[in-house]
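Construct all of the structure, not just a fragment, from the sequences and the given hints.
Top to bottom, those sequences are chains A and B. Heads up: the first sequence is residues 0 to 330, going by numbering that gives the first Met the number 0. Heads up: the second sequence is residues 0 to 613, going by numbering that gives the first Met the number 0.
By construction, these hints were calculated from the structure, which means they are not laboratory data. This one's a predicted model, so the numbers in the text were calculated from it and none came from an experiment. C-beta: ideal position from N, C-alpha, C; glycine also. Keep in mind that the hints are not guaranteed to be accurate.
As the list claims (entries may be wrong) - Restraint-style ranges between C-beta atoms, simulated for each label pair:
(1) V405/B <-> Q48/A: 22 to 28 Å
(2) P102/B <-> N296/A: 49 to 55 Å
(3) V405/B <-> P158/A: 53 to 59 Å
(4) E430/B <-> D22/A: 22 to 28 Å
(5) N296/A <-> E576/B: 22 to 28 Å
(6) V462/B <-> C28/A: 18 to 24 Å
(7) P435/B <-> N296/A: 32 to 38 Å
(8) P435/B <-> Q48/A: 28 to 34 Å
(9) G410/B <-> K226/A: 53 to 59 Å
(10) N337/B <-> N296/A: 38 to 44 Å
(11) E576/B <-> Y325/A: 41 to 47 Å
Listed below are the residues making up each chain.
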Amino acid sequence: MVTKERTLPTMDTKLKAFNLKSDRNPDWCAGCGDFGILNAIQQAVVELQLAPWKVQFFTGIGCSGKTSQFAQMYGIHTLHGRVLPFALGAKIANPHNVVLAAGGDGDGYGIGGGHFLHAGRRNVDITYIVYNNEVYGLTKGQASPTLEVGEQPKSLPLPHISQAINPLALAIASGYTYVARSYSFDAKHLKKTIIEAMNHRGVSFIDVHQPCPTYNDLHPKEYYTEKVSSGDGELPRIQYLEDQGYSGVVEDASNKDEYNAKRTAAIAKAYEASDRVVLGTYWKVDLPTYSDRLKDNFPTLREHAPIDIPFHDDEMRPTTDLASAYAEFLI
Amino acid sequence: MSRKTETSWMIGGPQGSGVDSSATLFARAMAAAGYWVYGKREYHSNIKGKHSYFQVRVNHEFVRSHIDPVHVLATFEDSTADIHAHEIVPNGALIYDPGLTKPETLEMDASVKLFPLEYEEIIRELADEMNKPAAKLGIVKNTIAVAAGCALYGVELDAVKKALEGMFTGKKAKLVDVNYRAAKKAYEVMAKFEGLNDFEFTMAPQTKMPEEGTRLLMNGAAACGIGKLKAGCRFQTYYSITPAVDECIYLEGHSEYGIVVYQAEDEIASVNMANGAAITGARVATATSGPGFCLKAEGIGWAGMNEAPTVIFNYQRGGPSTGLPTRNEQGDLLFAVNIGHGDFPKIVMAPGDMEECFEDSFNCFNFAERYQTPVIVLVDKALANSTQTINIFPQEHLRVDRGEVVHKVEGIDESDPLQCIEKFPRFKVTESGISPRTLVGTPGGLHFLTGDEHTEHGFITEVPAIRMEMMEKRARKSVTALREIPEHLQYKLYGPEEADLTIIGWGSSKGVIIDALDRLKEQGMAVNYLHMRLFAPFPVEGITNILNKAKKKVIIESNFSNQLAKLIRMETGLDIEYKAVKYTGRPLSQCEILDTVERVMVKDERKVVLSNGH
Chain A
0 MVTKERTLPT MDTKLKAFNL KSDRNPDWCA GCGDFGILNA IQQAVVELQL
50 APWKVQFFTG IGCSGKTSQF AQMYGIHTLH GRVLPFALGA KIANPHNVVL
100 AAGGDGDGYG IGGGHFLHAG RRNVDITYIV YNNEVYGLTK GQASPTLEVG
150 EQPKSLPLPH ISQAINPLAL AIASGYTYVA RSYSFDAKHL KKTIIEAMNH
200 RGVSFIDVHQ PCPTYNDLHP KEYYTEKVSS GDGELPRIQY LEDQGYSGVV
250 EDASNKDEYN AKRTAAIAKA YEASDRVVLG TYWKVDLPTY SDRLKDNFPT
300 LREHAPIDIP FHDDEMRPTT DLASAYAEFL I
Chain B
0 MSRKTETSWM IGGPQGSGVD SSATLFARAM AAAGYWVYGK REYHSNIKGK
50 HSYFQVRVNH EFVRSHIDPV HVLATFEDST ADIHAHEIVP NGALIYDPGL
100 TKPETLEMDA SVKLFPLEYE EIIRELADEM NKPAAKLGIV KNTIAVAAGC
150 ALYGVELDAV KKALEGMFTG KKAKLVDVNY RAAKKAYEVM AKFEGLNDFE
200 FTMAPQTKMP EEGTRLLMNG AAACGIGKLK AGCRFQTYYS ITPAVDECIY
250 LEGHSEYGIV VYQAEDEIAS VNMANGAAIT GARVATATSG PGFCLKAEGI
300 GWAGMNEAPT VIFNYQRGGP STGLPTRNEQ GDLLFAVNIG HGDFPKIVMA
350 PGDMEECFED SFNCFNFAER YQTPVIVLVD KALANSTQTI NIFPQEHLRV
400 DRGEVVHKVE GIDESDPLQC IEKFPRFKVT ESGISPRTLV GTPGGLHFLT
450 GDEHTEHGFI TEVPAIRMEM MEKRARKSVT ALREIPEHLQ YKLYGPEEAD
500 LTIIGWGSSK GVIIDALDRL KEQGMAVNYL HMRLFAPFPV EGITNILNKA
550 KKKVIIESNF SNQLAKLIRM ETGLDIEYKA VKYTGRPLSQ CEILDTVERV
600 MVKDERKVVL SNGH
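See the structure below:
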């Protein structure tokens, strides 16, 4: 059963993005894409009128992982590659809070690659943002899983001899119900995309391109702003899906033909060879969330979230009646 | 001939042939007849075909362990007699299919009484009687084998009927009739044997009949699951692994309690999902076994550093590596107390019997939340998979402790968003080491969590003074825990205060050793037993006192290197002079405990290696 209704805990907080700065200043390198993403997250939370104390912001390990230290929310800096399990566990046990997860490309597609796949098929109602700069910055620029074969940023002693993964196609194939790409310094687009992702019911994923000014000299900020020559003359590197007349939104998920056709198109779009960086929503479909499926299958969870089911009285005596747990063993 | 008050019965067969359900039927029938039972299950890491067996000890009194001799061996195929016939005691009995088993070819005592059952013929008769094709009734072979044993023991057919009714309920209730008819036929066939009436090991009828509905026949995995339900566990994560999966499947079958059982993509995900859930205020556990426990190390360290109340059940099996996946071993103790890099407080406990499985599974959540540490519960495979009759768990004494949680932050005006986003000193330095925690959603309770060393608000720091303060704060929780956790949940001395020999053990060894104490007492020996249940923090003072008072000490463990003996020496500096180990992957038997005591007391053997059982 799909419930379209959103239940984000919103209120008119009158907070501004600067209110969501923590007492710690970021220690990222000057020009790092992480700044753009942090700002966009803070702005999105404010614009969505989310109560920051009801937001759990989980991050992985690496430069990106530190983001949770700099935003004034419940920030949880987890383990390398494990941000998704943490986020999923938090959301399933206690669905009252908004769960936002973020991490780097090495964290999410490398050491956490297995979790990345499986988070898709669960469709738990969380948003996952991956900072994609093709390198492991904090350990001095080793290749991440998104670095193309043959490329050699200055931090690599030899050209890279492994192929890159395609995070968007992988996400669509894994069952993510919202898949988008954005760019760290396209503030407007990134904020809009984060808002759209957080408004999506189900697991939403944004692959955010970003420069690493220290280790990735192949794709610095200038790379993203320069024009690219094409048959139609000079065009900006950054393009938008909506300008191409593409929509990856499934209007009716119960229509299998539409669903399959859009999915095939979305994967094709994700693989479209181009020297452009194409931002936008590649795929969006409304499917039952993990919580919907739990409710469909377990009557006890229809009324209450797991965390809300009482198990003791005021005197702290446990109140759970074991009769049905005992039934098969009684003699 | 006098009837017996104790017996040991065995059934075996290829995996997938119904050995387990046969044993359950037998145990239920014996329980229905008022006896107390203890069933040991041995199986291979295999789905179908390899040999598995179930041994059930039956007694007039409460029993906690198995014994080695077999009085009746029930078989319905050809392999079990070949493998186990030599274990049958003189004048014991073999129930077998004469078409498949030739007793003269077996290595077996000549005095063993033979009870050939023409299974095919019995099934044909049954088929005629029920007007059904015989091919469809092959499954009742097991029931015939079980019922034949019950008849031999002198148990009323009605007990078998009750057992069938207890086993087949709901949609399966229609199976009672055919199985009961099969059992009845088995009784009729057995009645024709001359040897039936002078069988040496017939059981005396129970004189102290327990009241119906006051006992449970269950295994340790279910006892742990029930303890978790009682404790209000609302989320359990796992990755499929033997033998931990039994508890998870049990819990998944009880969704009426509102527990979400989540089969994660891997072991690492399951521990970290538990971490994520634990910090939201839910009661959460993850269950695993050896190899998976290894993979959880980093996640457990995170829980330690962030003072998250994550509960980890490790169902121990034979190691290292894949080891003996379906066999018993107490090989994870030292790993558990040292798991994770760096120093952080954790609680490591191990239940010793069904009652402790229930109680520890309840208490572990209290400890996790009160001391804000990961709690590791080590359960032996021999407990998880053994079946026992027990009294319904006492529950009156149980209390829930949610620890120090701040639901409303003092001085925060909740209508002012700017105050609501105030940060909170989640890791405040306190004397007890315990810092009151806020949960996400609490206005003015904002804080940061990180596996890095952190300030009281959770900001990353590498300042030496703060590092020291935080390490010390966390470590103090161990001291607090040791002071507060009741002594009997840490360790307990069973048997006489003054003894010539003190046996030390833990986990599933408890039952077998306590059962042996009774025999030793009958033999006029003063032996007591120090049962250890809490290993981290280690109760140094209490254990030191007991060991110093003991005249002679022997430690018995199911691992290769006497891990508890090492831990005791590490923590107390005391060496235990006599050591016994068993690392065959099979649980200790009462006979082995008696054997160990004799070898220590009479032969002065410093190291005893035990190896009974198949």
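How the hints compare with the structure:
Between V405/B and Q48/A, the C-beta spacing of about 26 Å keeps the proposed range 22 to 28 Å intact. The given range of 49 to 55 Å is respected by P102/B and N296/A, whose C-beta atoms sit roughly 53 Å from each other. The hinted window of 53 to 59 Å between V405/B and P158/A holds, with their beta carbons roughly 55 Å apart. Roughly 26 Å separates the CB atoms of E430/B and D22/A, a value that falls within the hinted 22 to 28 Å.
Between N296/A and E576/B, the C-beta spacing of about 58 Å breaks the proposed range 22 to 28 Å. Between V462/B and C28/A the C-beta distance comes to about 23 Å, which sits within the given range of 18 to 24 Å. The given range of 32 to 38 Å is respected by P435/B and N296/A, whose C-beta atoms sit roughly 37 Å from each other. For P435/B and Q48/A, the hinted distance range of 28 to 34 Å is satisfied, since their beta carbons lie about 30 Å from each other.
Distance hint check: the CB atoms of G410/B and K226/A are about 56 Å apart, consistent with the given range 53 to 59 Å. One distance hint, 38 to 44 Å for the beta-carbon pair N337/B and N296/A, holds here, with the actual separation near 40 Å. Taking 41 to 47 Å as the suggested C-beta distance range, the pair E576/B and Y325/A conforms, at roughly 45 Å.
Figure legend: structure checked against the earlier numbered hints; the only hint not met is number 5.
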